[in-house]
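**Student:** Taking the hints into account, I'd like the entire structure generated from these sequences.
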Amino acid sequence: MLPLKLSEIAKILDGTLIGPDDPVLTGVAGLNEAGASDLSFLAVAKRPSDAAGSDAGALLVGPKVVVDKPCIQVEDPYRAFAQVLAGQQIEADRAFPPGVHATAVIDPGADVSRAAAVGPYCVVGAGSVLGSGTRLGSHVSIGCDVTVGVDCVIHPQAVIREGCRLGDRVIVHACVVLGSDGFGYLPGPTGMQKVPQVGIVAVGDDVEFGAGVTVDRATTGRTVIGTGSKIDNQVQIAHNVQVGRHCALSAQVGIAGSCVIEDGVIFGGQVGVGDHITIGAGTKLGGQSGVTGDLEPGSRVFGTPAQDAKESFRTTAATRRLPQMQALVRELKQKIDQLESRLAAVEGQHPSANNDQEN
Amino acid sequence: MLPLKLSEIAKILDGTLIGPDDPVLTGVAGLNEAGASDLSFLAVAKRPSDAAGSDAGALLVGPKVVVDKPCIQVEDPYRAFAQVLAGQQIEADRAFPPGVHATAVIDPGADVSRAAAVGPYCVVGAGSVLGSGTRLGSHVSIGCDVTVGVDCVIHPQAVIREGCRLGDRVIVHACVVLGSDGFGYLPGPTGMQKVPQVGIVAVGDDVEFGAGVTVDRATTGRTVIGTGSKIDNQVQIAHNVQVGRHCALSAQVGIAGSCVIEDGVIFGGQVGVGDHITIGAGTKLGGQSGVTGDLEPGSRVFGTPAQDAKESFRTTAATRRLPQMQALVRELKQKIDQLESRLAAVEGQHPSANNDQEN
Amino acid sequence: MLPLKLSEIAKILDGTLIGPDDPVLTGVAGLNEAGASDLSFLAVAKRPSDAAGSDAGALLVGPKVVVDKPCIQVEDPYRAFAQVLAGQQIEADRAFPPGVHATAVIDPGADVSRAAAVGPYCVVGAGSVLGSGTRLGSHVSIGCDVTVGVDCVIHPQAVIREGCRLGDRVIVHACVVLGSDGFGYLPGPTGMQKVPQVGIVAVGDDVEFGAGVTVDRATTGRTVIGTGSKIDNQVQIAHNVQVGRHCALSAQVGIAGSCVIEDGVIFGGQVGVGDHITIGAGTKLGGQSGVTGDLEPGSRVFGTPAQDAKESFRTTAATRRLPQMQALVRELKQKIDQLESRLAAVEGQHPSANNDQEN
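Respectively, the protein sequence lines represent chains A, B and C. Counting along the first sequence from 1, when you hit position 213 you're at 213 in our numbering, and nothing is skipped either side. Each number in our numbering corresponds to the 1-based position in the second sequence with 1000 added. Each number in our numbering corresponds to the 1-based position in the third sequence with 2000 added.
For the record, the hints were derived by calculation from the structure and aren't laboratory data. A hint or two may mislead.
To be verified - Here are the simulated DSSO-like cross-link-like pairs (lysine-lysine), alpha carbons at most 30 Å apart as the crow flies: (1) A/Lys11 / C/Lys2194; (2) B/Lys1284 / C/Lys2310; (3) B/Lys1310 / B/Lys1046; (4) C/Lys2064 / C/Lys2011; (5) C/Lys2005 / A/Lys335; (6) A/Lys310 / C/Lys2011; (7) B/Lys1194 / A/Lys310; (8) A/Lys333 / C/Lys2310; (9) C/Lys2194 / A/Lys46; (10) B/Lys1046 / A/Lys333; (11) B/Lys1335 / C/Lys2335; (12) B/Lys1194 / C/Lys2333; (13) B/Lys1333 / C/Lys2194; (14) C/Lys2284 / C/Lys2310; (15) B/Lys1046 / B/Lys1011; (16) C/Lys2069 / C/Lys2011; (17) A/Lys333 / B/Lys1333; (18) C/Lys2335 / A/Lys333; (19) A/Lys5 / A/Lys64; (20) C/Lys2194 / A/Lys5; (21) B/Lys1333 / C/Lys2310; (22) A/Lys333 / C/Lys2333; (23) A/Lys194 / B/Lys1064; (24) A/Lys310 / A/Lys335; (25) A/Lys310 / C/Lys2284; (26) B/Lys1005 / A/Lys310; (27) B/Lys1335 / C/Lys2333; (28) A/Lys46 / A/Lys284; (29) C/Lys2335 / B/Lys1194; (30) B/Lys1194 / C/Lys2064; (31) C/Lys2194 / B/Lys1194; (32) A/Lys194 / B/Lys1335; (33) C/Lys2011 / A/Lys284; (34) B/Lys1284 / B/Lys1335; (35) B/Lys1333 / A/Lys194; (36) B/Lys1194 / A/Lys194; (37) B/Lys1194 / B/Lys1284; (38) C/Lys2335 / A/Lys69.
Quick caveat, the model's predicted, so the values are computed rather than measured.
**Tutor:** Here is the structure:
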């Protein structure tokens, strides 16, 4: 997209150019990193003076905001910036040249769209289908009977095992494993005996899997990742889990077997969820929470075992005052002892009152 | 195995057919997912009425259990179901065609059994041995001088580095790394200086490594994973750790260097263990526990720092009552202040008693 | 290096041979594992008697230490041992044969040093540069426009995506992903809308990445890993994080977006850091800590939410005494109730005192 004049960018973004200068911008960058030929943005939450230290050549700013630089006023500067970024993204052609690389091993029984791109050393098994516009980086391993929809992107070294199904526009980052065996055993005479895992992983549309994510196939049936859900790096999802639509799972989250995550649930990083737990729609889980029981829709939780976030903060605050509280209790105990002695002395002079008490 | 008549399945499982119907079953599925031609099972813990909503064509049930469907009575329905699943598992031939794929790079100095299967783009280094019946998926990287026993399964993109040794019937899932360098440094004049890691990883028989597991080689000697232990996805095991026999490590567990995990230890997900710690045989660790010291055999622990699970639950419960307790202590303090004033007033009328107390 | 006579090793290490025996040593091993032809070491912290049970053929020991075996006295036995290990490390030639393997796919537009080694099935994209002495294992995926300095080691299945830059002597272990997309979305009419991630990952010199580490590229600009920092297995570093020089990140640490980790910070395992947090130079974080706010240089923290380590230990100790404390508070409450009754009885005999109090 770039280089472009600022005025040309303003037209594309449907924004208002605040001149008079109209520099040519060749790149995009954050406020602190931007140089004289870069376009940057001033988030709505910031003040015009926050732009003073930036070397950016021009800025995207909110409505009516004026800074001491050429700028474009737009409704939402970050969103407009993301739009410019999209134009700047490395050309798909370069990372994913069209066609099937000569070294790819495609089983004759696979159905790869002519409008798909398959990188060097990919392997696609019998019975698998790759939709139009779907692009595979190098060394991707697609097992037998896998279905991948249209316009998906699968990065290098990803593994999609036999029978799994992906919708459209799914992004799979490097070293993701979809369809590994679930962790299921029965006690046997000579140790744990493996329970065969013959189900699949079924993924909706517009899902993104970060690098190193693992999703186990179901014992029977399907492990499900719902449309629009976004899964950050190194998340682990066990067999038979059902993740709803439009959930966001931050990095290193782990969800044990057969959990049901309803729609729109937001996970902080490193959250753990025990098995067979239902998390209600729209719940938000603070980082490192450990969930040990079902959560109502709209819950806000924190801590291990996870509890209501506000209560958790109150509990944490109270816990941190514990040493002082213990000192206070010790002091109260002493005072009570003193009071007892003093009262006993008084009572000694009033035998009748004392006797009343003791009866 | 399937399709089969229910009566034929009953024979294989040594169970009792409860007819009169004898449907043909073509698949297997969980109670909620099963359709009219699927076999499912009713776990011992459930009641016959729990089967009412299922569309399954037939069920495996416990002894003497009768449901409103064709069923087979067996001692342990889940175990019998697992046996049928094993028969249903995708044919080994299909995911792992026999023989060595033309694209595999096998060093002339490697010894690959004629009864082993090696997938596309595998690399096997000099001095390595693959036993009979062992099967490698695509893109497996076997370094030099690696020994893999018989009937092992190694899934795509797994990496087994130089010198490591695996027993028989070991399963290695995708993107596992066995034999990466341990995290060892010495302070040096220009920063941390790497301590060479020249040991190996030694794995017993019947071990399973989930997707994305990493096990570091020993600095010297061996990092050991004992026979029959099962390791879930994304577990991390550091250099010189000794894992005993028949342990189960749930997903995302991390064990720091030189720990000794005795036999039969069960880890919940995301547990962390500090270095040089011994965990006694048969210990069970609750999810997300953080172990900071040795644990006696048979321990049950929870929390960070990990403590006895029952005490931990008591502590957690007490912690959650803390805000009320603090309110109570404040109330007691007020009462004591009042008592002091009132007592002082009484004492004012008994100077001698008061003086006794103060001496 | 080995086999060597003990006297020859003493010369290399500049140590003092304590004879009279001068055995030939063929291997190196820890104290408990060493056999009769192995060299081992006695750490400074240990006593000579700790060597009694070892079968080692000879020992490296501290200054003036004498044991009942042939030994070499050196300033720092462990450091000297590491020096011998370095000599023992598997020959680079064997794991990384020189030259470019016939199966490697090197784009004509890539610049691979003639003194670099590229293993089987590696892929190197257009515009990428591999410096002299840099060695790639099998199946390494290097995207377009990647720069790798001199004397780097990149293990099998590692992925370095487009545009990333590595300094000299960087070690990248198996299944590492550098340059995956950051986890950035904007709310949109049909769900979360991906914010393009067009920045890079920039890595200094002498950095080591453990197996399975993931580092996301910046949204714009650079995610930075400073010179000399060491990163253990399965660590996750999000977009736009700045890691300083000579930091050590233990296994399974997760750092959220845009954090600044200053120089020399030491992370225990499984630590989590929320986004946009600054951790001051030289800070040490205990295992599993969860950091929710900025930390001053030189901090020592523990717990979730992370707090000063000493306070955290005090708080934990106080928490564990909570059940007893609650019992004590209940007891105090009873005593106060009794005191109140008794005092009321006394006051009943002194109406005037009581009235004073109530006014």
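**Student:** Would you mind marking each hint as holding or not holding in the structure?
**Tutor:** Okay, the hints, checked on the actual structure:
With a C-alpha separation of about 23 Å, the suggested pair lysine 11 of chain A and lysine 2194 of chain C falls inside the 30 Å cut-off, and the hint holds. For a cut-off of 30 Å, the pair hint linking lysine 1284 of chain B to lysine 2310 of chain C stands: about 29 Å separates their Cα positions. About 28 Å separates the Cα atoms of lysine 1310 of chain B and lysine 1046 of chain B, which keeps this hinted pair within 30 Å; it holds. A C-alpha spacing of about 17 Å is found between lysine 2064 of chain C and lysine 2011 of chain C, which places the hinted pair at or below 30 Å, so the restraint holds.
Restraint check: the Cα-Cα separation between lysine 2005 of chain C and lysine 335 of chain A comes to about 76 Å, which exceeds 30 Å; the hinted pair is violated. Of the supplied pair hints, the one linking lysine 310 of chain A and lysine 2011 of chain C is violated, its CA atoms being roughly 66 Å apart against a limit of 30 Å. As the CA atoms of lysine 1194 of chain B and lysine 310 of chain A are separated by approximately 46 Å, the hinted pair breaks the 30 Å bound. With a C-alpha separation of about 27 Å, the suggested pairing of lysine 333 of chain A with lysine 2310 of chain C holds against the 30 Å cut-off.
A distance of roughly 23 Å separates the Cα atoms of lysine 2194 of chain C and lysine 46 of chain A; the hinted pair therefore holds under the 30 Å criterion. With a C-alpha separation of about 54 Å, the suggested pair lysine 1046 of chain B and lysine 333 of chain A falls outside the 30 Å cut-off, and the hint is violated. The suggested pairing of lysine 1335 of chain B with lysine 2335 of chain C holds, with an alpha-carbon distance near 11 Å, which does not exceed 30 Å. Pair hint lysine 1194 of chain B plus lysine 2333 of chain C does not hold up; C-alpha atoms about 61 Å apart against a cutoff of 30 Å.
Restraint check for lysine 1333 of chain B and lysine 2194 of chain C: not satisfied, since their Cα atoms lie roughly 57 Å apart, outside the 30 Å limit. For the suggested pair lysine 2284 of chain C and lysine 2310 of chain C, the alpha carbons sit about 12 Å apart, so the restraint of at most 30 Å is met. Between lysine 1046 of chain B and lysine 1011 of chain B the CA atoms are separated by roughly 24 Å; this keeps the pair inside 30 Å, and the hint holds. For the hint linking lysine 2069 of chain C to lysine 2011 of chain C, the alpha-carbon distance of about 18 Å falls within 30 Å, and the restraint holds.
The hinted pair formed by lysine 333 of chain A and lysine 1333 of chain B meets the criterion: a straight-line CA distance of about 10 Å does not exceed 30 Å. Only pairs whose Cα atoms come within 30 Å are accepted, and lysine 2335 of chain C paired with lysine 333 of chain A is accepted, the gap being roughly 9 Å. Taken as a hint, the lysine 5 of chain A and lysine 64 of chain A pair is honoured in the structure, with Cα atoms around 21 Å apart against an allowance of 30 Å. In summary, the hint linking lysine 2194 of chain C to lysine 5 of chain A is supported, as the alpha carbons are separated by about 26 Å, within the 30 Å threshold.
Simply put, lysine 1333 of chain B and lysine 2310 of chain C have alpha-carbon atoms about 28 Å apart, close enough for the 30 Å limit, and the pair holds. With a C-alpha separation of about 10 Å, the suggested pairing of lysine 333 of chain A with lysine 2333 of chain C holds against the 30 Å cut-off. Under the criterion of a C-alpha separation no larger than 30 Å, the hint pairing lysine 194 of chain A with lysine 1064 of chain B is consistent with the structure, at around 27 Å. For the hint linking lysine 310 of chain A to lysine 335 of chain A, the alpha-carbon distance of about 35 Å lies beyond 30 Å, and the restraint is violated.
A hinted pair counts as satisfied when its Cα atoms are at most 30 Å apart, and lysine 310 of chain A with lysine 2284 of chain C qualifies at roughly 29 Å. Using a Cα cut-off of 30 Å, the hinted pair lysine 1005 of chain B and lysine 310 of chain A is violated, with the two alpha carbons roughly 57 Å apart. The hinted pair formed by lysine 1335 of chain B and lysine 2333 of chain C meets the criterion: a straight-line CA distance of about 10 Å does not exceed 30 Å. The suggested pairing of lysine 46 of chain A with lysine 284 of chain A holds, with an alpha-carbon distance near 26 Å, which does not exceed 30 Å.
Restraint check: the Cα-Cα separation between lysine 2335 of chain C and lysine 1194 of chain B comes to about 64 Å, which exceeds 30 Å; the hinted pair is violated. Annotation: proposed proximity of lysine 1194 of chain B to lysine 2064 of chain C holds, straight-line Cα distance about 27 Å (limit 30 Å). Taking the CA atoms of lysine 2194 of chain C and lysine 1194 of chain B, the gap is near 40 Å; set against the 30 Å cutoff, the hint is violated. Among the hinted pairs, lysine 194 of chain A with lysine 1335 of chain B is inconsistent with the structure: their alpha-carbon atoms are about 64 Å apart, more than 30 Å.
With a CA separation close to 64 Å, the supplied pair lysine 2011 of chain C and lysine 284 of chain A exceeds the 30 Å bound. Pair hint lysine 1284 of chain B plus lysine 1335 of chain B does not hold up; C-alpha atoms about 46 Å apart against a cutoff of 30 Å. Between lysine 1333 of chain B and lysine 194 of chain A the alpha-carbon distance is near 61 Å, which puts this suggested pair outside the 30 Å criterion. Note on lysine 1194 of chain B and lysine 194 of chain A: the hinted pairing is violated, with a Cα-Cα distance of about 40 Å set against a maximum of 30 Å.
Restraint check for lysine 1194 of chain B and lysine 1284 of chain B: the C-alpha separation of about 35 Å exceeds 30 Å, so the hint is violated. With a CA separation close to 73 Å, the supplied pair lysine 2335 of chain C and lysine 69 of chain A exceeds the 30 Å bound.
Against the hints set out earlier in the document, violations occur for numbers 5, 6, 7, 10, 12, 13, 24, 26, 29, 31, 32, 33, 34, 35, 36, 37, 38.
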